[in-house]
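J.: Residues per chain are reported as follows:
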Amino acid sequence: MSDTTELPAVLAETRDDFLALTQADRLQLLLEFSNELPALPERLQGHEDELERVEECQSPVFILVTVGEDGDAPDVVRMHATAPRESPTTRGFASILAQGLSGLTVEQVLAVPADYPLTIGLSEAVSPLRIRGMVGMLGRVQRQVRALA
Amino acid sequence: MTAPVDPSDTFRDYAHPERLVSTAWLQDQLDAGAVGTADLVVVESDEDVLLYETGHVPGSVKIDWHTDLNDPVQRDYIDGEAFARLVGGKGIGRDTTVVIYGDKNNWWAAYALWVFTLFGHQDVRLLDGGRAKWIAEDRPVTTDRSAVTPAEYPVVERDDAPVRAFKEDVLAHLGEPLIDVRSAPEYSGQRTTAPDYPEEGALRGGHIPTAVNIPWATAAAPDGTFRSRAELDAVYREGAGIGDADQVIAYCRIGERSSHTWFVLEHLLGYENVRNYDGSWTEWGSAVRVPIVQGTEPGALPTR
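Top line first, the protein sequences correspond to chains A and B.
Numbers 1 to 149, taken from this note's numbering, label the letters of the first sequence in order.
Numbers 1001 to 1304, taken from this note's numbering, label the letters of the second sequence in order.
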């Protein structure tokens, strides 16, 4: 498929890392991602209500996308997200996307296939219903980027 | 039963006090080295599939409602063979006492307990207050992998009829007590999904005719433990007028919140004919030509 070759490097690497593991180890890797979700930048802390809630996720998770801020080049995207510690799965989803999308250009982010979350081998490990939350999250990020671009 | 019953006074007034254990009781079992033996297996069952991995009761095992208990293809539960493989692999024998705890006020724990009941597992109990209470009390959690000695669990065919209702059963049941445990906006039809669960929707909003709305949380105290016998009687017996001889069916969206209510009716209040309709609103609200009532009133029995 042509879009696999075009997938940005970090997202492709994440996918390959998951696919190389057993189902049980995929959960462990997702947990590592969950633990790596960066804290919100200071200026956003305490302003979670200004972030967009990802309705597709069962747990409260909020995202904010910036384009060309914080010293970035004008078309560079950055994704911020926050979710409670008690929701590690949702945190893991957010972390995969934040790490994979931040630093990309607007064009690159919008070119990420909407079904990327379905391709990283987590549907069986966390269940198809749960992975739909990540699909929703990616859709919202792309919508925010489109609105800002 | 192979683990002792929790003798605490808190549970004394319930119809089946042996179905609950307190965090203090579990701590005692843990200290005595009884957890993870052939006598007692502790199971964590959460909404979040990774929560167990972030830290769990030492020696406990995990059972997930999606990936373990549901059939991966058909909308149904796993069969006897898969169940035997699953729980045997967790060190559970047919006589083992199983204590289940989980997040979200034990929704999923109650759901897992109900599925164990479908397979006729005799001694299965809930940890009152669930995961949140255990952690709030600063009791031990670990990320260490639990050592499990697999057990031989017999292949038992699921017996759905006593505690599980299907759509046809509900249609035949109309006129008998029916409890809708969802939130008020879901009951009235204002929304077709639970506030935080938009992925589990239905095509139509409302409730099953004559069902009364008693949200599941009515049975829970602020700390996630169950309310007292007197408080529960006031809600279900006096409030909803459910008599001892009544047949009752509870439902919600996919059957997990109503498992919580099923547990209350069956084990804490001692009703003998209580079924959980796990198809719930995601089935009823999308089914063709079943009667639906919108608004805050239970509504009238449809003329058939």
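Careful, some of the hints might be misleading.
[Unchecked claim] Taking lysine to aspartate or glutamate pairs in the EDC-like style, the calculated list, with each CA pair at most 20 Å apart, reads:
#, chain 1, residue 1, chain 2, residue 2
1, B, Lys1062, A, Glu124
2, B, Lys1062, B, Asp1159
3, B, Lys1062, A, Glu52
4, B, Lys1167, B, Glu1081
5, B, Lys1133, A, Glu86
6, B, Lys1062, A, Glu32
7, B, Lys1062, A, Glu13
[Claimed, not checked] Using C-beta positions, here's what the derived DEER-type ranges look like:
#, chain 1, residue 1, chain 2, residue 2, range
8, A, Ala73, B, Lys1167, 56 to 66 Å
9, A, Pro128, B, Thr1002, 54 to 64 Å
10, A, Ala39, B, Glu1231, 55 to 65 Å
11, A, Pro128, B, Leu1171, 42 to 52 Å
12, B, Gln1247, A, Arg146, 52 to 62 Å
13, A, Pro128, B, Ala1032, 37 to 47 Å
14, B, Gly1089, A, Pro74, 28 to 38 Å
15, A, Ala147, B, Ala1032, 56 to 66 Å
16, B, Ala1221, A, Asp115, 35 to 45 Å
17, B, Glu1018, A, Gln28, 18 to 28 Å
18, B, Pro1150, A, Val10, 49 to 59 Å
19, A, Asp115, B, Arg1085, 25 to 35 Å
20, A, Pro128, B, Gly1241, 36 to 46 Å
In short, the hints are calculated from the structure, not lab data.
Note that this is a predicted model, so its numbers are computed, not measured.
Positions of the beta carbon are idealized from the N, C-alpha and C atoms, including for glycine.
J.: Given the hinted pair Lys1062/B and Glu13/A, is their alpha-carbon gap at most 20 Å?
T.: 29 Å, violated
J.: Taken at face value, is the distance from the CA of Asp1159/B to the CA of Lys1062/B at most 20 Å?
T.: 24 Å, violated
J.: Does the beta carbon distance between Ala1221/B and Asp115/A stay inside 35 to 45 Å, or does it fall outside?
T.: Since the Cβ atoms of Ala1221/B and Asp115/A sit about 43 Å apart, the hinted range of 35 to 45 Å holds.
J.: Is it true that the C-beta distance of Gln1247/B to Arg146/A lies inside 52 to 62 Å, as the hint says?
T.: 54 Å, holds
J.: Holds or violated: are the alpha carbons of Lys1062/B and Glu52/A at most 20 Å from each other?
T.: 33 Å, violated
J.: That 55 to 65 Å hint for Ala39/A and Glu1231/B (C-beta), does it hold up?
T.: 41 Å, violated
J.: Is the hinted range of 56 to 66 Å satisfied by the C-beta distance from Ala147/A to Ala1032/B?
T.: 59 Å, holds
J.: Going straight from one Cα to the other, do Lys1133/B and Glu86/A come out at no more than 20 Å?
T.: 13 Å, holds
J.: Given the hint that Lys1062/B pairs with Glu124/A, does the C-alpha gap stay at or below 20 Å?
T.: This hinted pair holds, its Cα atoms lying about 16 Å apart.
J.: Is 36 to 46 Å a correct range for the gap between the Cβ atoms of Pro128/A and Gly1241/B?
T.: Holds, since Pro128/A and Gly1241/B (Cβ atoms, about 41 Å apart) stay within the stated range.
J.: For the range 18 to 28 Å, tell me whether the beta carbons of Glu1018/B and Gln28/A fit it or not.
T.: 37 Å, violated
J.: Do the Cβ positions of Asp115/A and Arg1085/B conform to the proposed distance bound of 25 to 35 Å?
T.: With Cβ atoms ~32 Å apart, the hint holds.
The structure fails to meet hints 2, 3, 4, 7, 9, 10, 11, 14, 17 and 18 from the earlier list, while all remaining hints are met.
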